[in-house]
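Student: So you can see what is in the structure, the chains are spelled out below.
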Amino acid sequence: MKYKSDELAKGYKDETMFLKIDRGQLLEPTPIIQPDQVPKKPAVAATVVAKKVKSTGMLHSEFLEGVYDAAILTDRTGKVLDCNTRASEFFLLDHDHMCRLKVTGLLAGADDTVLRAIVTNLDNDRRTVIEADCIRSDGTSFPGEITVNLVHLTEHGELSFFIRNVTRRREIVNALRESEQRFRDIAESTSDWIWEINKEGVYTFCTEKATEVLGYPVQELLGKSLFESAMADHRKEAWEIFNGYVERHQDLGQLEVWMFSVDGTLHCVSFSGCPVFNDAKKCIGYRGIASDVTDRKKKEEELDRYRHRLEELVRERTAELVGAKEEAEAANRAKSDFLANMSHELRTPMHGILSFANFGITRIDRSDKGELLDFFQEIKDSGERLLHLLDDLLDLAKLEAGKMTYEKIDLELFAVVDSAVSQFQSLITEKNLNITLDKPDFSTVCEIDQNRIIQVMSNLMSNAIKFTPEGKTIQIRCRQGSIKRGSLPQPSIEVSFYDEGVGVPEDELNQIFNKFTQSGKTHTAVGGTGLGLAICREIIVTGHGGLIWAENNPDGGVVLTTSLPLKSTVKIKAANTL
Amino acid sequence: MPDMHRIMIVDDDPKNAKILRMLLEEDYELAVAHTGEEALELLPKFKPELVLLDIMMPGIDGYEVCRKIKTNDRYSSTKVLIVSSRAMGYELEQGYEAGADNYFCKPFDHQAIVATVASMLDSGADTGGAE
Numbered sequence: 001m002k003y004k005s006d007e008l009a010k011g012y013k014d015e016t017m018f019l020k021i022d023r024g025q026l027l028e029p030t031p032i033i034q035p036d037q038v039p040k041k042p043a044v045a046a047t048v049v050a051k052k053v054k055s056t057g058m059l060h061s062e063f064l065e066g067v068y069d070a071a072i073l074t075d076r077t078g079k080v081l082d083c084n085t086r087a088s089e090f091f092l093l094d095h096d097h098m099c100r101l102k103v104t105g106l107l108a109g110a111d112d113t114v115l116r117a118i119v120t121n122l123d124n125d126r127r128t129v130i131e132a133d134c135i136r137s138d139g140t141s142f143p144g145e146i147t148v149n150l151v152h153l154t155e156h157g158e159l160s161f162f163i164r165n166v167t168r169r170r171e172i173v174n175a176l177r178e179s180e181q182r183f184r185d186i187a188e189s190t191s192d193w194i195w196e197i198n199k200e201g202v203y204t205f206c207t208e209k210a211t212e213v214l215g216y217p218v219q220e221l222l223g224k225s226l227f228e229s230a231m232a233d234h235r236k237e238a239w240e241i242f243n244g245y246v247e248r249h250q251d252l253g254q255l256e257v258w259m260f261s262v263d264g265t266l267h268c269v270s271f272s273g274c275p276v277f278n279d280a281k282k283c284i285g286y287r288g289i290a291s292d293v294t295d296r297k298k299k300e301e302e303l304d305r306y307r308h309r310l311e312e313l314v315r316e317r318t319a320e321l322v323g324a325k326e327e328a329e330a331a332n333r334a335k336s337d338f339l340a341n342m343s344h345e346l347r348t349p350m351h352g353i354l355s356f357a358n359f360g361i362t363r364i365d366r367s368d369k370g371e372l373l374d375f376f377q378e379i380k381d382s383g384e385r386l387l388h389l390l391d392d393l394l395d396l397a398k399l400e401a402g403k404m405t406y407e408k409i410d411l412e413l414f415a416v417v418d419s420a421v422s423q424f425q426s427l428i429t430e431k432n433l434n435i436t437l438d439k440p441d442f443s444t445v446c447e448i449d450q451n452r453i454i455q456v457m458s459n460l461m462s463n464a465i466k467f468t469p470e471g472k473t474i475q476i477r478c479r480q481g482s483i484k485r486g487s488l489p490q491p492s493i494e495v496s497f498y499d500e501g502v503g504v505p506e507d508e509l510n511q512i513f514n515k516f517t518q519s520g521k522t523h524t525a526v527g528g529t530g531l532g533l534a535i536c537r538e539i540i541v542t543g544h545g546g547l548i549w550a551e552n553n554p555d556g557g558v559v560l561t562t563s564l565p566l567k568s569t570v571k572i573k574a575a576n577t578l
Numbered sequence: 001m002p003d004m005h006r007i008m009i010v011d012d013d014p015k016n017a018k019i020l021r022m023l024l025e026e027d028y029e030l031a032v033a034h035t036g037e038e039a040l041e042l043l044p045k046f047k048p049e050l051v052l053l054d055i056m057m058p059g060i061d062g063y064e065v066c067r068k069i070k071t072n073d074r075y076s077s078t079k080v081l082i083v084s085s086r087a088m089g090y091e092l093e094q095g096y097e098a099g100a101d102n103y104f105c106k107p108f109d110h111q112a113i114v115a116t117v118a119s120m121l122d123s124g125a126d127t128g129g130a131e
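Chains W and C, in that order, give the protein sequences. Anchor point for the first sequence: position 199 equals 199 in our numbering, and the numbering is continuous, going up by one each time. Anchor point for the second sequence: position 108 equals 108 in our numbering, and the numbering is continuous, going up by one each time.
Hints are computed from structural coordinates only; laboratory data are not their basis. Source: prediction; values computed, not measured. Ideal Cβ placement from N, Cα and C applies to all residues, glycine included. Keep in mind that a hint or two might mislead.
[Unchecked claim] Taking lysine-lysine and the DSS-like style, the derived pairs with C-alpha atoms no more than 27 angstroms apart in a straight line are: (1) K70/C with K472/W; (2) K398/W with K335/W; (3) K369/W with K68/C; (4) K15/C with K431/W; (5) K472/W with K18/C; (6) K466/W with K18/C; (7) K15/C with K45/C.
[Claimed, not checked] Where chain C lies over chain W, by a calculated footprint (3+ residues, C-beta under 8 angstroms): (8) 296-310; (9) 487-493.
[Stated by the list, open to error] Restraint ranges, calculated between C-beta atoms of paired labels, are given here: (10) P44/C with F442/W: 47 to 57 angstroms; (11) T71/C with S487/W: 53 to 63 angstroms; (12) E41/C with I409/W: 46 to 56 angstroms; (13) L92/C with A319/W: 31 to 41 angstroms; (14) K431/W with E97/C: 31 to 41 angstroms; (15) P44/C with T318/W: 53 to 63 angstroms; (16) D438/W with D3/C: 56 to 66 angstroms; (17) G59/C with N514/W: 15 to 25 angstroms; (18) Y306/W with E97/C: 51 to 61 angstroms; (19) I361/W with M88/C: 24 to 34 angstroms; (20) A319/W with K45/C: 51 to 61 angstroms; (21) F338/W with E97/C: 19 to 29 angstroms; (22) F46/C with N514/W: 36 to 46 angstroms.
If we strip away everything but chain C, and leave its shape as in the complex, we get:
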């Protein structure tokens, strides 16, 4: 389906990437990156509308990837949903400070994340339409 929304999953843990992939692969076009570097490389090629981003990764971490997306005008309409096992209050704050649009802590509720992804993409599409 050519009209499917594009989502990039960024997680160094294959298991977590697999869970997200299984939840979303039927309704969205997916790309998976296992490191921050890989994500930034994939970004201009894949042009995702939403990035599901892990935080703790070797090399460039999730915060940095988020900042790079959010400070680049080319990705002004790209949404970022952080999906991390980091669940301390200050860790969430750091995520939002880096520019994340939403934050899910692992373990997360499957239905909740699917619904959130859908709503984030819908609102994104609306904004796009208004422009």
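Chain W with its partners taken away, still in its complex shape:
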């Protein structure tokens, strides 16, 4: 065979036609690989080899052996004229077999039409690169990238096919494409977005989803700091936390940053990611995912608020219940105490009545008149004590029901006190007590219910007598005082009873006026039922707009004081002149 070796040196236009054979069709040119990325090696190699052939006069077979690719030389109809060993290896056919075939039989989907199209391309001075599956003799195939050149070894012109097995490259490309697709699918289907920033926190990459949250187009975000749109008072803190991660090359775990979107609304964005290292193992930034957790955050906060409110409510309700329970228990205790006291108070006079009646019965024969009289007197005293108790109970019931009526007239309070005190003359004499009560030199006229005020003063006097040991002194003093009514102090008359008893503990002073409550220290002495002072307070405070209080006398004993509004004569006169 003779070849015009100089034809090999024929230059091509710098233009390449890329073709792909698919299902027997030569497809329209498709830039499967970008022209500028095409490895030009085969073409360049071929040119170099051709030049070499031309210059050294080497046989074409030798030059074909020298190339890495499978090389096949055909005539214009595709009939194989020659091939290198590599081609035999690729197609699992020896040289002679190869030379009996047409090149179209080696390429899947290739036929004479395809070959003619290729030849036409080549005649138009266009280099042709074909992607096609190459069929081995055993029926298997491999993807090939075939560079077809027109050479003129004879006057007819021949075709050279340089076939490169691109199985590996195809695999890599496919893997890359698959990986890219996977990334794209994930990025598109998740509500989160993917970001990449450098060590300065500046976006180097970001998926479209960021736009949905922050409103900024991706192009606008790139080159800007991730922390730029963070809430002002939050920015420094977030940046410092991020820097801490960078320094430790630590994975970024749920860094939550409150950020403003383009329309000014606040979003809580949670960033998770890992450090990115360059080839020198140097941390050059971070990449990861970000999600808008505003809703969750708000729900958490709301939940937190609800939880707090609930805890508060529970605390309040518990306190209320504890209070109510304590109140109920106290009421129950007061009731029990009252019953115990009532039992005691009823039993004492009852004991007197029964005992002296019994003495009368058992001793009637041996008792003289005087002794019998004494028994009757004792029975009468006890009976009166019982009646007094019943009166107190009735008064209390009336006061509690608000049914106590007062018949008030203008009276000298001092005269009322004096009359109450004088009732106790026999008791005073019996106990050998000194009583001091001086007539005041000022008016003590008050508008009062005489009987009720006598009841109060008698009660206070009775208490004082019970407290004061035999032979001691009870002082009763009248003073001018005042009662505050709103902002104006109103003149009043204060009456104080000073006893010389054991006194009342400071913390019990206010309680002695409560119903059923008695000082533990003076239990029996304060009239037994614990009703006396409660009744006094009702009559003075509710009935007469006055005050009543107890205090300990520094010299010993208790001072019980009532303060009743003074009848203002000046006012009456002024009213009359009008």
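Place chain C on chain W using the hints.
Tutor: Chain C alone, transformed into the frame defined by chain W:
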């Protein structure tokens, strides 16, 4: 009679003291105290074999007087009979806890208390004899 048993009556209510006195004065040597303080003062002087003790008194109450008697070795043979209008169960318990040997609630049966006093003094005398 020099051999009469000594009984101390402690009650702030003169009426109650009088009732007890009338019931016991013929058979026993009596002393009457009207307060707890007075009772404790009288105790070492009178050396009663039995104390009839009221509970509710101003100042030192009956429980306290009872405890003071019962925790003092000098009065180990002194009996205490509480006579009180306090008749609630827990009040009786308090009395026994304070060391009382017996408890009578007012109003009481005259014959019953006289009999009890006699028996308490007899058993006391027996114990004394055994020692």
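Student: Among the hints numbered above, which are violated by the structure, and what are their numbers in rising order?
Tutor: 1, 3, 8, 9
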